[in-house]
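**Student:** We have chain A already, so just place chains B and C on it with the hints.
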Amino acid sequence: MTKEDMKKEIMNILNDIDDSIDYASEEHLIDDHILDSFMIISLVSELEDAFDVRISAADMIASNFNSVDEMADMILHLQK
Amino acid sequence: MIDMADGNTLGTESRAEKRGKKSAGRQAAVFFLILFLMLCLSSALFYRVAASMTDSAYMKRNTIKTVLLREEPYTIDVLVLGDSESYTTFSPLQVWMGSGISSFVAGQSAQTMSEARTMLDIALEHQKPKVVLMETNMLYRDTVSLKGIQDSFYERAAVLFPVFRYHNLWKALGQKVNNDGEYWKGYEVHKGVKSCGNTDHYMEADSTVKQVSSVNSRILSEIRQKCEDAGAKLILYSGPSTVNYSMDKHNGIAQLAKEQNIPYLDLNLKAKELGMDWNRDSFDGGDHLNDAGSWKVSMYLTRYLKTLHLPDHREDPAYSDWNDNAQSFLKIIRANIMEIQKTKQT
Amino acid sequence: MGYNELSYLLLFLPAALIVYQVTPARYRKFVLLAFSWLYFFLCSRLLIFYLLGTTVGVYLLAIAMYRVQEAASRKKLLCAAGVAGLFGVLLYVKYTNFFIRVLNQLGAGNSGWQEIPAVKILVPIGISYYTLEAVGYLLEVYWGRQKAERSFVRVALFLSFFPQTMEGPIARWQDTAMQLTEGHGLTSENLRDGSVRILWGLFKKMLIADRLNTAVNALFTNYTQYQGAMTAVSGIFYALQLYMEFSGVVDIILGSAQMFGIRLPENFRQPFFSQTASEFWRRWHITLGVWCKTYLFYPVTTSRLTMRWNRFARKKCGKYVARIGVTAIALTPVWLFNGLWHGPQWNYIFYGIYYLVLLWLEEVLVPVKKAFYEKTGFSSSHTFWHLFRILRTWIIIFTGEMFFRAAGLRAGLEMFRRLFQGVHLSAIREGGLLQLGLDRMDYRVIVLGTAAVFVYDLMKERKVPVWEAIVQKRKAVSWTLVYCLIFAIVLFGAYGPGYQKVDLIYAGF
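Residue numbers (our numbering), protein chains in the order written: chain A, 1 to 80; chain B, 1 to 346; chain C, 1 to 509.
Possibly wrong hints are sitting among the right ones.
[Stated by the list, open to error] Subject to a maximum C-alpha distance of 20 Å in a straight line, what follows is the list of computed EDC-like cross-link-like pairs (lysine to aspartate or glutamate):
#: 1; chain 1: B; residue 1: 191; chain 2: B; residue 2: 284
#: 2; chain 1: B; residue 1: 194; chain 2: B; residue 2: 339
#: 3; chain 1: C; residue 1: 369; chain 2: A; residue 2: 49
#: 4; chain 1: B; residue 1: 171; chain 2: C; residue 2: 439
#: 5; chain 1: C; residue 1: 315; chain 2: A; residue 2: 16
#: 6; chain 1: C; residue 1: 319; chain 2: A; residue 2: 9
#: 7; chain 1: C; residue 1: 75; chain 2: A; residue 2: 59
#: 8; chain 1: B; residue 1: 22; chain 2: C; residue 2: 189
#: 9; chain 1: C; residue 1: 315; chain 2: A; residue 2: 52
#: 10; chain 1: C; residue 1: 315; chain 2: A; residue 2: 48
#: 11; chain 1: C; residue 1: 76; chain 2: A; residue 2: 19
#: 12; chain 1: C; residue 1: 293; chain 2: A; residue 2: 59
#: 13; chain 1: C; residue 1: 370; chain 2: A; residue 2: 49
#: 14; chain 1: C; residue 1: 319; chain 2: A; residue 2: 49
#: 15; chain 1: C; residue 1: 369; chain 2: A; residue 2: 36
#: 16; chain 1: C; residue 1: 370; chain 2: A; residue 2: 16
#: 17; chain 1: C; residue 1: 375; chain 2: A; residue 2: 52
#: 18; chain 1: A; residue 1: 80; chain 2: C; residue 2: 70
#: 19; chain 1: C; residue 1: 369; chain 2: A; residue 2: 18
#: 20; chain 1: C; residue 1: 370; chain 2: A; residue 2: 52
#: 21; chain 1: C; residue 1: 370; chain 2: A; residue 2: 22
Derived from the structure by calculation, the hints contain no laboratory data.
Here chain A stands alone, though its shape is the one from the complex (with noise of 0.2 Å):
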């Protein structure tokens, strides 16, 4: 799976957590709350079932929530 293909589907996950947020664009998602921490645990169980690895309390760090690039980088990183 591509980075591209990977962060249209991160698209997808979160736009079924709320739909009323341009992900594309943001890229303080954490820093300026727009996802809040109830929003950030349904958005690690989707990703873990989604691309098959496992986030773990050390991976809660806002640098990798931030914005869908940062999510798609760490996903790659823990697929290694």
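**Tutor:** Here is chains B and C on its own, set in the frame of chain A:
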């Protein structure tokens, strides 16, 4: 970026930076100079207003200072210092009725030794007491801890800039003047009764010595010196209090008094002789005395002061208002003591 | 030695600044550490050994964990031992007597139960704060997000930097550790801005919080004498006192650190503008919230158990149930911890559960909220609705703080009951407020002071850089404002004879 004050880069500091630093220093100096002047100015103002106020109730424990300043100059022969134990044991107008000796209690609640020293300074500006009677409870007030240092720090600041002491004056603005606060030359009237409970261990024989802190004993010797310089005789006394006194404290004070050659009178040891009734003579369970308790103590102190050959002013026309004052005081005190005696034991 | 006291502001802090500045840059970290340990010693004397023990232990454990990097199970064991040890000490020091009391109550019914006597344990200053920092650091190293620190001074300073000793802010390693040892020289900007922030903190504490103290004491001590509106006033006054006190002292703390060029994490972001209880907790005591989220909430939510439930519930019961289930699982430890962290009292535990329920309800009601918005056309940006939500959050806050301050849980519940015994607005109109030891002039000062704080907070909320704008103005303007601030404190501060000294509230936790 070069960090201006970093030791390693000091040599490379440019001229502009140096100039910037200098002007920042100068600015700070000007800022603090103006602040200092404003503090002096406001202090002078507040001090004046405070001294001229007729209503002192809002100033709470500072009241006594202003009341003291309002006493006729050079009329007081016995000045009493101390914390709340002083103005609940020594009753100047009772002493007056029994002996004609003029006295004044310049005690404050929770007075510290350094505050007592300040109080003495203030008194000596306008008065020339022959005897300074100091209640000893404050000798054991905390001074070595930070809080002690803090209190004496505040005290010094307040002497330098009275605005810190009188800063509460604004509270009186726009309020109607209230003259009902009567001051019986510093004595505080109390008619409540609360039994002291079990007093079996009060002043129980004990040879241990509870030392007075070095700070407090140093201040005591300063006070002694000040009294000596002013021609007054310093005397220590401990008012009866089951809560505050015990034998080890007595030993500590007695030892200190002996070292500094100051006469010491411990009325706790004379509680029986005075006829203290620990079920009725205190209004808060042995911490402070009510009017009935202080009556007994002041009787004793009157007799004691008489032995010091202090002048009797009762016939002196300059003191005529003392007689009037004493009459109204007596009325109140009589009523209070009657009430206390009627109180059932609690 | 509280941060609002003269001995700190006029002796300790200036002495630290001067010694720091005259010392060559690379030794400055030692100066900071020496003063930090001195501060601790002055507050707690020999109990400093708790701090020293924690520091050495954490320092060595982190290095050991780093060394066994490859052996995951040993690393886990070390980390678990460290966290257990740290919390063990905290529990021992703060909770032993609470457990003894509970045991005695449980055993009282049984015959043959011998009452366990209470033990006397002295609590070192700030142990609740530095323990959390130490645990955070260990977890960061365990997760591999931070390297184990080789410099002992850095670890020691991270745990003991003197402005933070008494009441936080609770820093994460990445927030402060590096800055503390940089040894930058003092600059006039930092000194100026730092001292102005200290003055602002003193303003909040001395004018408003300490003045309100008399009334708050009266209201909570004699709570059985009040009902209706007056009981409501108890909650409002205490919430106001606590905000002015805690945020004021944090201003003094952050200002002190700023004088050294060190930026500590903020602890408040205008909490009274929050629209929901959860937002309030992102703006009030922020560093405790961040700590709980980073080191408690995320580990719980990403744990296998939670994930398994989530997957299971999503399949069987749908997303909504899964979501509120996970929310409950994640919130429970966080809020029990938050309550207990404040101390071993039932009303603190109740306070934690109170917010646990409210925050959970917030999640449960999300669909209702959505439906409501769709039907009415309201949105959270609608001015009226926005204000309504803020007011609703205030009621939640005031009620919570009433339980928090009450003299025990029973008193808290009694006060809550009294809230509904008639409105009794007349008690306020007929001078009930003047019976609390405060006179009209006191209230005037409180109202005007609060108004000043409100205006400043509102500007910050609107992202107007107030102080920066003032500094850029002509000197006459900025200096006048600072002089006004100083004289406001000198004249209207509740200090000196006639006022009861108020100890720092959060230093007690």
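**Student:** Evaluate each hint against the coordinates.
**Tutor:** Here's how the hints hold up against the structure:
1. The hinted pair formed by residue 191/B and residue 284/B meets the criterion: a straight-line CA distance of about 11 Å does not exceed 20 Å.
2. Between residue 194/B and residue 339/B the alpha-carbon distance is near 13 Å, which keeps this suggested pair within the 20 Å criterion.
3. Distance hint between residue 369/C and residue 49/A is unfulfilled; the C-alpha atoms sit about 29 Å from each other, more than 20 Å.
4. Restraint check for residue 171/B and residue 439/C: satisfied, since their Cα atoms lie roughly 9 Å apart, inside the 20 Å limit.
5. With a CA separation close to 16 Å, the supplied pair residue 315/C and residue 16/A stays within the 20 Å bound.
6. Restraint check for residue 319/C and residue 9/A: the C-alpha separation of about 19 Å stays at or below 20 Å, so the hint holds.
7. With a C-alpha separation of about 18 Å, the suggested pairing of residue 75/C with residue 59/A holds against the 20 Å cut-off.
8. Taking the CA atoms of residue 22/B and residue 189/C, the gap is about 13 Å. The hint holds against a cut of 20 Å.
9. For the given pair, residue 315/C sits about 17 Å from residue 52/A by alpha-carbon distance, which is consistent with the 20 Å threshold.
10. The suggested pairing of residue 315/C with residue 48/A holds, with an alpha-carbon distance near 15 Å, which does not exceed 20 Å.
11. At roughly 40 Å between alpha-carbon atoms, residue 76/C and residue 19/A are farther apart than 20 Å, so this suggested pair is violated.
12. The suggested pairing of residue 293/C with residue 59/A holds, with an alpha-carbon distance near 13 Å, which does not exceed 20 Å.
13. Proposed proximity of residue 370/C and residue 49/A is contradicted: the alpha carbons are some 27 Å apart, above 20 Å.
14. With a CA separation close to 14 Å, the supplied pair residue 319/C and residue 49/A stays within the 20 Å bound.
15. Using a Cα cut-off of 20 Å, the hinted pair residue 369/C and residue 36/A holds, with the two alpha carbons roughly 16 Å apart.
16. Annotation: proposed proximity of residue 370/C to residue 16/A holds, straight-line Cα distance about 15 Å (limit 20 Å).
17. Proximity of residue 375/C to residue 52/A is assessed by CA-CA distance (about 40 Å); at most 20 Å being required, the pair is judged violated.
18. A C-alpha spacing of about 17 Å is found between residue 80/A and residue 70/C, which places the hinted pair at or below 20 Å, so the restraint holds.
19. At roughly 14 Å between alpha-carbon atoms, residue 369/C and residue 18/A fall within 20 Å of each other, so this suggested pair holds.
20. Under the criterion of a C-alpha separation no larger than 20 Å, the hint pairing residue 370/C with residue 52/A is inconsistent with the structure, at around 32 Å.
21. At most 20 Å may separate the alpha-carbon atoms for a hinted pair to count; residue 370/C and residue 22/A meet this at roughly 19 Å.
Hint violations for this structure: numbers 3, 11, 13, 17 and 20, all remaining hints satisfied.
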